[in-house]
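Engineer: Sequence:
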Amino acid sequence: MRTERSTPPRSGPLAEARPHVEGTSPGATSAELPPTTGPTTGPTTGPSAPPPRRLPRGRRLQRWLGENPLGVVLSAPYVAFVVVVFLVPFGFGLWMSVHDFFFTAPGVAVPHPFVGAENFREVLSDPLVRQAFLNLLVYLVINIPLTLALGLALATALQAVVRGRTSFRVAYYIPYVTASVATLAVWIFAFSGNGVVNSLLGGLSPEPSWLANRSLIMPLIAVYVTWKNLGFFVLLLVAGLHNIPTERYEAASIDGANAWQRFRDVTLPGLRPVISLVVLLSIIITGQLFTEPYLLTGGGPDGASMTPALLMYQEGIQQGKPDVAAAVGVLLVLGVMVLALLSRRVTERES
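Using the UniProt record's numbering, the letters of the sequence shown correspond one by one to residues 1 to 351.
Treat the hints with care, since some could be wrong.
With a cut-off of at most 25 Å between alpha-carbon atoms, the simulated SDA-like pairs for lysine to any residue come out as follows [said to hold, decoys possible]: (1) LYS228 with PHE290; (2) LYS228 with SER215; (3) LYS321 with VAL84; (4) LYS228 with LYS321.
Simulated from the structure, these hints should not be mistaken for laboratory data.
Let's have the full structure, built from the sequences with the hints guiding it.
Structural biologist: Below, the structure written as structure tokens:
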């Protein structure tokens, strides 16, 4: 009788490459293997995999805008305003500060060669520029403590007023919304040589007078700006006082804290974010100081009230050197940024 020989399973790379299918014997032939479901090169008769579905346009826009697309859309005009009004002029000023730039007639094309740091060397070697930045430091030393002291005092007093609180708020805010030209005219009349202040002081009036005194003109400007902007900062501080829970004051009173202790331990810690904002805004206003020295003294006497913003006007417009004025502006922006970062670092460390 003829016997069938069993073929042993193959060994080698071909056998190792063939996967073992569950439910079949290791020696099963290809005819005995179940059909595979993997991709094939030939035509298939079964259903093919569906193509990837594209997201609707609204869903794609929402993914691009994030979880709050309405906030992005509403903030887009402000972002465009910042780019057009601030970033583009600053970029152009930065370009001017490193080029030999000057004004020409319309339609006349003149090359502006690159000069590197030459304009900055000219600015830093000018004693009037150093005097202008020193005047800003003197102004800041007077303005910020005076603003915080008067603002906190008036805000806490206004918080304690029950009747007529709105009238006091309006009275505080009137100088802030009044044109600087009008209020400065009053101050010039009051502090001139024959003004009201000298008449009241009599023999105690300074010599030379306030507006011509090198030692007094910058403190006088600092006091004026503090008085003019005080109403705005008082309203900020009042809003901060409203955010402090009354339970903290009640707990401090139960512990036996007096008025000063409640102010020190409850009010000041609760107002720390608002105080940081007041300091930051005061620094920014300092960098923009132009109208007051320009109308009061024109930067005099002998540069005692000169500021970088006023110096930029004199260099760029009156003397026709916009590249030098741009270099002063770049230094001013960097100085304001450094002071703002320092104030924020101090606030974060205290908190």
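Engineer: Compare the structure with each hint and give your call.
Structural biologist: Against the structure, the hints:
no. : hint               : in the structure
1   : LYS228 with PHE290 : 14 Å, holds
2   : LYS228 with SER215 : 22 Å, holds
3   : LYS321 with VAL84  : 24 Å, holds
4   : LYS228 with LYS321 : 33 Å, violated
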